[in-house]
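S.K.: For reference, the chains in residue letters:
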Amino acid sequence: VSAVPAEGPQARDRDPRPESGRQDRPVSLLHPAGHQPSPPGGGTKPDYFDDLNLDQFVDEVIARSTHPEQTGALLYSPLADTDIIRFRQGVFGDLAEPVLRERARHVVRLLSNVRRRLHSLVETEDPHERQGWLLDAAATYCEAVDSLGDALRSGGVRSQGLTLLSETLSRYRHSGPYTDLASEVSARQEALGRIRYCVRISGRKVQVSRYDGQADYSQEVEEVFHRFQQGAASDYWVNYRLPPALGRVGSQILTQVATLHPDEFESLALFCERHHDFACEQMMLLEGELDFYLSYLDNVDPLVSAGLPFCYPTIADAGTDEEVVQTFDIALASKLIGAGQSVVLNDFRLEGAERIFVVTGPNQGGKTTFGRTFGQLHHLASLGCPVPGESATLGRQDRIFTHFQRDEGSAEPRGRLEDDLRRIRHILEKATSHSVIVINEAFASTTLDDGRFLGTAILHRLIALGARGVYVTFVDELASIGPQVVSVVSTVADDDAARRTFKIVRAPANGLAYAVALAEKYDLTYEQLKRTLER
Amino acid sequence: VKAHLLWRDGDVDFTVTTTHASINVEGPEASPRAQALMQDLQLQPVLDAMAQGDPALREVARRVMLDSLDDPAAIRYRQDVLADCMRNETVVRQMLAVATEAVTLDRKLTWWFKTPEAVLRRSVEALQLFVGLLRRLRAVADDHGESFASEGFTTLFASLRRELSDDYFAQVEEHLERLRFPDGVLISAHLGPGLKPSRYVLRSGPPARVPLKERLRLEPQTEYHWDLPPRDEAGSRALSELNGQAISMVAEAASQSARHISSFFVMLWIELAFYAACLNLLAHLRGLNRRVCFPEPQPPDSGKLHFQELGDTGLAIKNVAVVGNSADADGKPLVMITGANSGGKSTFLRSVGIAQVMMQAGMFVTAEAFTASAARRLFTHFIRDEDPTMTRGKLDEELNRMSAIADELIPGSLVLFNESFAATNEREGSEIAGQIVRALLDGGVRVLFVTHQYTLADALHYDLVHPKLFLRAERTPDGERTFKLVEGPPLRTSFGEDLYRRIGGWRSTPSGDGPRPAGAAGVDRRSRQAADGKAGTIP
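Taken in sequence, the protein lines are chains B and L. Start counting at 1 in the first sequence, then tack on 12, and there's your number in the numbering used here. Start counting at 1 in the second sequence, then tack on 486, and there's your number in the numbering used here.
A few chain B residues that face chain L, going by a derived Cβ cut-off under 7 Å, partial list only:
(1) Glu141
(2) Arg208
(3) Gln219
(4) Leu541
(5) Lys542
Since the hints were derived computationally from the structure, they do not count as laboratory data. We put the CB at the ideal spot given by N, CA and C, even for glycine.
Produce the entire structure from the sequences given, and follow the hints as far as they go.
M.R.: Below, the structure written as structure tokens:
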């Protein structure tokens, strides 16, 4: 990776600049100079993604991205280096500002066009056509450089990454070769854009001439029959496809058009000779880097507009207190907001000896969601991304483990229990005191006695390990097993025991029984139905 | 030109296509709500009578009927058109015949060969045939327009006379001639990305004449031309491709024009088909000496429902002896129907439902008089199996269906319940149903509820908040069923009472018909308290 140079490589040969003595360091928006993320990629989806529903959220981000592979790899790879985390948080913070973001998005689109156009040069045979593509690409490139330069200069950037980029770009834009490129591009484009011509085909005879104001015939025909149109009009020549290359007749026609307009075409050929190598590599790499940030931000946009808080967490050492205010499950929130529903926010705090939340309470009351939220926060925080919450302090983690009940209905209960135990043993073997572990409804398929026995045994091992985590269970006794355990419960409304609040609060475990629970499951109690009708 | 016989402005959301000789209706499938209406109200016999064996007619009738109108003005608009059709049946069937011919022609618009030249040729051909049919349609407007009075028909005839003038037909013929391109094609273009031609536009105009000075090279050349060498196969292919592209623009315009005319006829066919189906049903009912009337639709929030001698249309069609019922539930958003099994409760509920559907389709109903608020949305929640087993799965299924209804409910809707939520013990079922009914009433939804659950009926009977009408399957003093419904409070479930009596040997017989015991309202309150207590937290 080379630096964004103060001059294009092509120009360096013929126009050495006196002030270019200073060598710029490589500018990456993904990590500060001298810090390489470790492990350097790998980029495969972690095992816990599906359990935490992070796959739903991350897949959406990847789907938005124009560089899905790079974006995916970045989102799959937690960082151990807090300097890189803070570096990315800074870039996110700058780009979250709407004006700068909109302009960065524009730059990404432009750079991706440049990339595709330069690519298509290789397979273009007609010399005029090739020249045309090169001019297009150069024009788009200049637009990208200028937009990004202007945006960064006026955008009040504060992050280390974007500040450095802004300085480098500003030097590049004032360099002679770049200003030369930019002014020539616009002169060529304007001249060619004015050309309009006519082709008449009659049998085997082809005639090329200047356009002379003849009327649009398709429109005439359409107008005659227009009165029968029943629905909205469809635009009828958009669908039809140009052949990929000009072909010989096309080349012949273009040659005649060039003969009709000799000056414009001569200048174009000269331009291409001088600027065939205009694009600088560092600039082109920015496309994918910016795209990573933008895809993430775009994907949380609907949540932010719905009023949900996001913050840049403070990353502390593992083992210090953790506290998150007003957080939520990012995947669930996307779904709820998409469906026009509201999202319940929760706080959590681990202090002193506390390590593990044991969650009990009514089903579908947000227990699993709480476990997922805890896991998601630790993953997203270690990417340097903004995370759900008004504020967050999280300990560093070396690995995340999850164990969720799998819906493999066909498996025999006994076989499934054995499978559960093996998987948890595997987790306990790999985990360290720095790990984050989320276990959800393990042993739900066993008897209460078995569940109590196994849950107690596992929880004791987790406590001995010292890892942080969430343990969701239907066995109330597990919630009071020791000072390392924090008992939290999903709650119901004070005035209506059938209405869930999805709030998870610190409280001793208390079993709840239900009468019209079935109706409630379908949102059909008086209160629920009335709300539905009032929406 | 547009036919507006079903809506003053608006179109159906389906269309028809033809294969061989048959016309097929295509479009989005009926919503679950509409499917439930079909099934629960047993609309099949009605549709059969409307179709008279024509599947396309049946399908049009089904879709239009299930797509209810809720604006009384829109309903009356259709009633007027239908009245016109009843007066001018011959003319209407004649128009339908023209439309059928056009719709069958539609096949000519589906091509196997997609070259622009072929598309253009077939389009011009189709346009020529359509023009013939349009002329015939205008002749009908000229000859019979005067005898139609409805807004729908007079608007249609006026626009046929205005839009399809003789001048217009002449203009069309001229264009059909020009579309053969005797002078070749002329295209203009810009230099697009990569200097490829962009923004092709087909131009009209005679070939440019090159001035003599230019031809003698005394002035700079402004045009170049060349002939393709005779054996240049690749060049000839490229040229015909370019020619095809040029023609494709106008071929698309021509074929779109043909499609425009075709879709006009399709719409006309669909709209006339619906009324033809109504005429079929009317003929069938009149053949059986059934009385029909145009109902009086009222705005959704007006709270109206009263009728005289309302019969089940489905049964009437099957020529079964039909009991007419009369009732006045104006201002009473809740109608509870209680009483003995097989006492005519379900039939009655269905007759109201079918009348409501037919009214909101703009049709007549089988009654002496029928006045009702149009429902913004009409739902049915019928027990699906007449022999409910006491399983959790069944109640689950019912709640699931109710939940789907709740998702779509809006104020001004009408929900017909038939023995709903009885698939559990009576106390639980009544609690669930009671909560649902109260929530619906408070939410501005009209409810007709058939139940044999005394606990539910009793609780709602003594609910003082909501005005309601209680109907009961009538029994003669000796216990015979008359299938007539009379106004009256719920009686203790006949089943328990019958059983109680059958077992016999009791010391004294409590009278279920007697005055309500003072504590009865309290029973309801107690049961709800018990439920609340159960739902509360247990420390």
